[in-house]
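Trainee: Those protein sequence lines, which keep their order, are chains Z, Y, B and C. Add 6 to a position in the first sequence, counting from 1, and you land on the number used in our numbering. Add 6 to a position in the second sequence, counting from 1, and you land on the number used in our numbering. Add 6 to a position in the third sequence, counting from 1, and you land on the number used in our numbering. Add 6 to a position in the fourth sequence, counting from 1, and you land on the number used in our numbering.
Source of the hints: derived by calculation from the structure; they are not laboratory data. Among these hints, one or two may not hold up.
Identical copies carry no separate label here, and so any pair may be met within one copy or between two of them.
Stated by the list, open to error - When the alpha-carbon atoms are kept at most 20 Å apart in a straight line, the in silico DMTMM-like pairs for lysine to aspartate or glutamate are as follows:
(1) Lys278 <-> Asp113
(2) Lys241 <-> Asp268
(3) Lys241 <-> Asp271
(4) Lys241 <-> Glu279
(5) Lys241 <-> Asp53
(6) Lys8 <-> Asp26
(7) Lys8 <-> Glu72
(8) Lys163 <-> Asp113
Spelled out, the chains give:
There are 4 protein chains.
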Amino acid sequence: MKAAFFDAVAQPLRISAQADPSPRADEVLLRVAGCGICGSDLHITEDPAPFGIGAGFVLGHEISGEVVAVGRDVDALSAGDRVAVVPMRGCGTCARCLSGDPARCPDMVLIGGGYAEYVTVAARQCHKLPPGVDLADGALAEPLAVALHCVTRAGLKPGDRVAILGAGPIGLLVAFWARRFGAAHVVMADIHTHQRERALALGATDFALSGDRLAENISDLCGGPPDIVFECVGKRGLLQAAVESVRLQGKVVGVGLCIGGDEWDPFIALSKEIDLIFAVFFHQGREFSAALDALASGIPQQIITERIGLSQVPQVFESLRRRTTQCKVLIQPDLS
Amino acid sequence: MKAAFFDAVAQPLRISAQADPSPRADEVLLRVAGCGICGSDLHITEDPAPFGIGAGFVLGHEISGEVVAVGRDVDALSAGDRVAVVPMRGCGTCARCLSGDPARCPDMVLIGGGYAEYVTVAARQCHKLPPGVDLADGALAEPLAVALHCVTRAGLKPGDRVAILGAGPIGLLVAFWARRFGAAHVVMADIHTHQRERALALGATDFALSGDRLAENISDLCGGPPDIVFECVGKRGLLQAAVESVRLQGKVVGVGLCIGGDEWDPFIALSKEIDLIFAVFFHQGREFSAALDALASGIPQQIITERIGLSQVPQVFESLRRRTTQCKVLIQPDLS
Amino acid sequence: MKAAFFDAVAQPLRISAQADPSPRADEVLLRVAGCGICGSDLHITEDPAPFGIGAGFVLGHEISGEVVAVGRDVDALSAGDRVAVVPMRGCGTCARCLSGDPARCPDMVLIGGGYAEYVTVAARQCHKLPPGVDLADGALAEPLAVALHCVTRAGLKPGDRVAILGAGPIGLLVAFWARRFGAAHVVMADIHTHQRERALALGATDFALSGDRLAENISDLCGGPPDIVFECVGKRGLLQAAVESVRLQGKVVGVGLCIGGDEWDPFIALSKEIDLIFAVFFHQGREFSAALDALASGIPQQIITERIGLSQVPQVFESLRRRTTQCKVLIQPDLS
Amino acid sequence: MKAAFFDAVAQPLRISAQADPSPRADEVLLRVAGCGICGSDLHITEDPAPFGIGAGFVLGHEISGEVVAVGRDVDALSAGDRVAVVPMRGCGTCARCLSGDPARCPDMVLIGGGYAEYVTVAARQCHKLPPGVDLADGALAEPLAVALHCVTRAGLKPGDRVAILGAGPIGLLVAFWARRFGAAHVVMADIHTHQRERALALGATDFALSGDRLAENISDLCGGPPDIVFECVGKRGLLQAAVESVRLQGKVVGVGLCIGGDEWDPFIALSKEIDLIFAVFFHQGREFSAALDALASGIPQQIITERIGLSQVPQVFESLRRRTTQCKVLIQPDLS
Ligand SMILES: NC(=O)c1ccc[n+]([C@@H]2O[C@H](COP(=O)([O-])OP(=O)(O)OC[C@H]3O[C@@H](n4cnc5c(N)ncnc54)[C@H](OP(=O)(O)O)[C@@H]3O)[C@@H](O)[C@H]2O)c1
Ligand SMILES: NC(=O)c1ccc[n+]([C@@H]2O[C@H](COP(=O)([O-])OP(=O)(O)OC[C@H]3O[C@@H](n4cnc5c(N)ncnc54)[C@H](OP(=O)(O)O)[C@@H]3O)[C@@H](O)[C@H]2O)c1
Ligand SMILES: NC(=O)c1ccc[n+]([C@@H]2O[C@H](COP(=O)([O-])OP(=O)(O)OC[C@H]3O[C@@H](n4cnc5c(N)ncnc54)[C@H](OP(=O)(O)O)[C@@H]3O)[C@@H](O)[C@H]2O)c1
Ligand SMILES: NC(=O)c1ccc[n+]([C@@H]2O[C@H](COP(=O)([O-])OP(=O)(O)OC[C@H]3O[C@@H](n4cnc5c(N)ncnc54)[C@H](OP(=O)(O)O)[C@@H]3O)[C@@H](O)[C@H]2O)c1
Ligand SMILES: [Zn+2]
Ligand SMILES: [Zn+2]
Ligand SMILES: [Zn+2]
Ligand SMILES: [Zn+2]
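From just these sequences and the hints, can you work out the full model?
Mentor: This is the structure we're talking about:
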C-alpha cells in the first residue's frame, strides 16, 4: 500500500509503498476513506521530540474508513463496517480505559497512520458511523470530539459570552458547540479577514482581527469582557492575550499546543482571579459518540476546504505551514 | 377586545369582551399573535388557590406578539416590534432582577393574560424575535426556555443516559435539549403509544410505556439505569417512579407541578444516594435568548398539534383535561 | 464469647454465649473495645425487613478493637494493632472498591457484630488508630465519617447558614464538621431543651426547639433562612420541615432513615427550587481517615453520655427507644 | 502619631511623625494593636508601580486595633470596640459589595496604613473580634482569610493529597486549613530545613526541600502525585514547579505574586490537563468571619516569630528580604 512518510524536520513528507499491515488479535484493518490534516501534525513535524516521533512515522489521527479484515479476537466489528477512529489507544483493561477514557490511561499511545491507504487500529478504537454520515466525512468526528471536550471542560453555560482565538478547524468547531450549548456571544478572532465568513457559518456571532486592541475589540463585540476565552492557536503569547481578554474571575481554556515554552505575566491572571483550564484529547465513551451524533445531524460543510488524494499530500502539507485560506484538508486516498 | 376568562373550578373558560388595556409607563401593549396552552394552566384551573388566582383571571403566559403601543418611559421597543414575552415579572431593580433572573425576585409575579387579543407587559419582559422566526411560533420560546433550564439544572453531560417521564410539551422539549447537549440515550416515557413518533421526532432515542415495569424498561432501552430522570408529568407517584428508575447516585429533576401533596419512599432515594433537583421557571438573561436562538435554528414542528382561534379556547381547553393525541395547542387570536 | 442477639421485633436483645468466630483468609479477629449504639440500630429492630436482617443477628457497626488473630492472606495487620472498622464490606476488587468507595460496591454488605466480645471483619475494613486516640473511642470514627460525608455532599462553603434537625449523635457531628468547615451559623433543632448545652458544646451557634414555628425560629437565629438544612431525625414529616425551613434555591440534605414511606408537598420544594441531596454511608478512602484525624485532634466528649458493659445492653437499648438525655452510648465489653 | 513611610525602591522605610488622621463620615479611627508584615509588602517595595504606590505611602494591611473615634454616619461600632480589618475597601453600594465581596468591586482599593500608631478605615471594613482572641493577634485574621480563600478556590475534598510550595505565613496557613478540611497528606516544600518544625506544627504531614527532585520527593511523601499544589512563593519558575509536581488532571493554585513576568512550559500543563486556578484576596462576608472563628478556636502560635515596636520596623523589614528563620513578624506599636 501507499503512505506518506515523515523523514526529518524541514523535509517534505514522502509517498512510498510498503507492505499492507495485518491486524493483530484485537485489531481491525481499515481501508482509509478520510483522514484530516490537523494543526498538531504540523507542530509535530517541526519539533518531533516531545511527541516521541522519529523517521518513517506515518502521521494522521483523524481517521474514518471501512473495515476490511478483523483480528481473531474481534467480535464487535466485521468486514464492511463503516467506522470513525479514536486515536488514543489505551491498554483496554485499566480503570480509566474501562470507564471509557483511554486518553487518561497510563499506557495511552496516540496513534497515527491515517495518511495511508490502509491502517490497523484496535477494534475498541472504532465507532460505527450513524446512517447518513458520509464515510470520508466521518474523519471529522475526531476534531469535533476535541472541540466538544474543550467546551465541556469550560463548563459553558447558556448565556455565556465566549471568545475564541484561532479560527482553524478546532477553534471553528469550538464555536459550533459553544452556540449549540447556548452561548449568547461567540466572537472568533484570527489574523485574516477571509476567515470571517467561515467563522459566521460555523456559529460565531462576530469576528475580530487579532492584534493590538484585541481585548477591547472582543469586549465591544461581546457586550463586555467574555466569560470564557478559548486559546486555539498554540503560539507564544496567545495565552497571555487570552488572559488579557477574559473578564474578572473568568475562564481561559488552553487548547493550542505551544511547544518550546512560553512567557506570560501571571500577575494579571492572579489579579483577575481567573481559572486557566487546559483541555486535551476527549472522553471516548462520552464525547466521541456525541460528536458522531452531531455529524449525523449535519455540520456546516465550510469547514472542509479541500479534499486531496495521497499523492498531493506532501505538497499540500507544506503549503499549510503558511496557509492562507485553507481550513480542514481531508485526505481521501481513493481520490489519487 | 375579546379574552377567555376563568370563572371557577369545573366551569369552562368564558369568552367575553372587555376594554382594551393600555400600557403603564414601563409597559408595552401587544397584539397577541401566539399563546400556548400549558399543562400548568390546566393544573391552575383545578386548584387555583396555591397560585393566588381568582374569578375573572385571564390565563396564558406563553406569549408572542407585535408591539402596538408603548408606555412613556419605554425606549428599547417601539410599535411594530415582534417580541416573545417572559412571564416572570420582577421588580426590575433588585439584585436578582439586575442579574437577569426575575424568577428569583422577591416581588416576582407570574403574569397571565395571553388568552386574549391584547395584553400589556413590562417592556423588560420582552425579547425581540430573531429574523426568520414566525411571529406566532415565538410563543414556544417560553416552554423551550423552561426545558433548557431543567437541563442546565441537571448538569447534563455529553454521554449521559437520560429518561423523561411525560411526553407533553415540556418533556419533549427537555428531550430536544438533552440530545442537543450530547445525551447518549434519551428515553421518553408516557402512557400512550401514539406519543412515540413525536418523541422520536423531538430527539428521543427510544420510547417506553409508563407502567409496572417502567424502571426495567428504561434501563433496558438506555443500556443501564439512567444518570438523570426528568419528572415532567406532575401527578402523585411520579417522583417515586423517577427515584426507582434512576441509577445509584443519579439525579432526578422535579419539573412537574404536583399539587395537593405526594407520598413516596425516601428510603429508596437515600439508599441510592440520589440528588433530587427541582427546576422552576428559567433565567431570563441566560436562557430565554438561548431558547430564541434555538427557535431560529429550527424546532421540530411536530410539537404544535393544533392552532386555534379565541372562540375555540373554552372547548379545546376542556378537551385537554382528557387529551388524547394533542401536544402543544397554540391560540392564535387572529384565526377566529 | 458473649454477644447481644436480636430475636424479633418488640423483644429485647438477648445476651448469650456462642463459639468465638475465627477469621477467614482475608479477615482479622478483633477483641471489641468499643461499639456505639446507632439510631439506625433502633430503626432496624423496629422494621428489620428492608435491611434483610433476621433472628439471631448481632447488631453493632460502629466498632473499634484490637487485632487478636489474622487470616492467612492478611499482611497489613498483625496481632496487637489498634483499629477502627468500616462497616461497609465491598468485594474488594470492583472499580468502586478499588477507588476506595466500598459503600457503592454492587456487592456491598453492611456488617454488624459489634455488640459482642469478638468480631471478625475483613482486613480491608480496618484502619489503624492514630496515636493518642483512646481505643474504645475509636468507635466514634464511624459516625464522624458519616457526618463528614453529609457535609461534603452538601457542598458546604465558609459563611454558610446551616440548620440541623435532630441533635442525636449524627446531627451533633454534622454540627462539628459544619463549624470546622466555616459555617457562619449552625442552628440545631431538637425536641428537648436539655440538648441545647450539648449542641453548643459540639459547635452549634444556637439551638431551636422543634415545633410549630420551627422555620421562623431557625431563620431568626441564622439571620435569614439557612442555605443548607440537614434532616438527621428520620421520622415522617421531617423532610417537609426541612424544605419549609430552607432558603430559596437552598439545599436540604436527607440523612435520617425514614422507613415506611413519607408524605410531603413537593410543590413547596419546586417553588423554592431546592436541591434535595441524600447522603448515605461515606467514602472509606477519603472520609474515614479524615474522621480518624479529627478524633486525634480531639472531639468534644459530651457526645458520649454512657459507657456500658455487654450485660447492660438489652436494658439500655430498650430505654433508648424513649430516650431522654442520652446521646451516644458506647458498649465496652470489657466493662462487664 | 508615628508611622513607617516608604520613600523609594532600595531605601529602608523611614519612621516619622505626622498629624493623627481623623475619620470621615463612614470611617472609624483605630489605635493599631497589631499589624503583620506580609510577603506582598516586600514585593511592593521592590516594584511599586504595578500596585500604584508612591513615595510617602504607609504599608500594612493586616491590621487589628481598638476603635478610638467614629465618623458621624457610623452606627455599628463605637469607641472601645476590638476589631480586625479587611484591607479591601469597596464602594459599599455595588452588587459585589452588597453580596459581601468588596474584593471584586470595580472601585476596590487595597488599603495600607497599618505600620502606624493610628489608622482610619471604613466601618464596613471592620469585624469585631470574638471573645478570647488577643487584640494584637487579631491581625492574623487577614492572612488566615487569604489562606482559607485559596483552599476554597481549590475545591479541596477530604482525602486529598496536597503539596504547598513556600512555608511562609500564607503557605503555612494554607496547610492549617487543608488539614482542617480533611486533606490526607499535606507536604510543605521550602528551601530551608529549619522550616520543617514549623510546617508540622501548623498541620503539614511532611516536609520536602525545594530543589531538583522536588516533584519526586513530593510524590513519595504524598503516596503519589498530589491532587492539588499551592504555589505560595511568588518567584519565577515556581508555577512551573507546581505544574511538574501535580498529578494528571490535578489542580495548581496560584497564590504567590510573581511580578515582572514568568516563563513556563504550558505544554506540560496541557498534557496533564490541569486546572490552574488563581486565588486573590478573599470573600469578606464568607471568609473573614470564618477566619476569626478559627482564631478563636486557637491557631498554633509558631506562626508568629517576632513581635516588634514601630521603631524596629525599618531594620527588621530590610532583614526579611534575606530572611532566615522568621515567619510572621507582628508590629505592635505599643511595644516601642
Ligand atoms: N488540546 C488538544 O487536544 C488539541 C487537539 C487538536 C489540536 N490542538 C491544537 O489546537 C490548535 C488549533 O488546531 P487547528 O487544527 O485548528 O490548528 P490551525 O489550523 O493551525 O489553526 C490555528 C489558527 O490560528 C490562527 N492564528 C495564528 N496566529 C494567530 C493569532 N495571533 N491570533 C489569532 N489567530 C491566530 C491561524 O491562522 P493562520 O492559519 O493564518 O496562521 C489558524 O487559523 C493547534 O495548536 C493544535 O495543535 C489541540
Ligand atoms: N417547573 C416549571 O417551571 C414548569 C413549567 C411549565 C410546566 N411545568 C409542569 O410540567 C409538567 C409538564 O408540563 P406539560 O405542559 O408538558 O404538561 P402536559 O401536556 O400535561 O404533559 C404531561 C404528559 O405526561 C403524561 N402522563 C400522564 N401520566 C403519566 C404517567 N403516569 N407516566 C408518564 N407520563 C404520564 C401525559 O399524558 P396524557 O396527556 O395522556 O395525560 C402528558 O403527555 C406539568 O406538571 C406542568 O405543570 C413546570
Ligand atoms: N444516612 C446515613 O448514612 C446514616 C448513618 C447513620 C444514621 N443515620 C440516620 O440518621 C438519623 C440520626 O441518627 P442518630 O444516631 O443521631 O439518631 P438519634 O440518636 O435517634 O437522633 C435523632 C434525634 O432527633 C430527635 N428528634 C426526634 N424528633 C424530632 C423532631 N421532630 N425534630 C427535631 N428532632 C427530633 C431525637 O430526639 P429524641 O431522642 O428525644 O427522640 C434525637 O435527638 C437516624 O435516622 C439514623 O438512622 C443515617
Ligand atoms: N493571592 C493573594 O491574595 C496573596 C495574599 C497574600 C500574599 N500573597 C503572596 O503569597 C506569597 C506568600 O506570601 P508570604 O507572606 O507567605 O510570603 P513569604 O513570607 O515571602 O513566604 C514565601 C516562602 O517561600 C520560600 N521560598 C522561596 N523560594 C522558594 C522555592 N524555590 N521553593 C519553595 N519555597 C521557597 C521562602 O523562603 P525564604 O524566606 O527563605 O526566601 C518563604 O519561606 C507571596 O508571593 C505573597 O506576595 C498572595
Ligand atoms: Zn488503560
Ligand atoms: Zn426584582
Ligand atoms: Zn466492590
Ligand atoms: Zn463596590
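Trainee: Just pull the numbers of the violated hints for me, sorted ascending.
Mentor: 8
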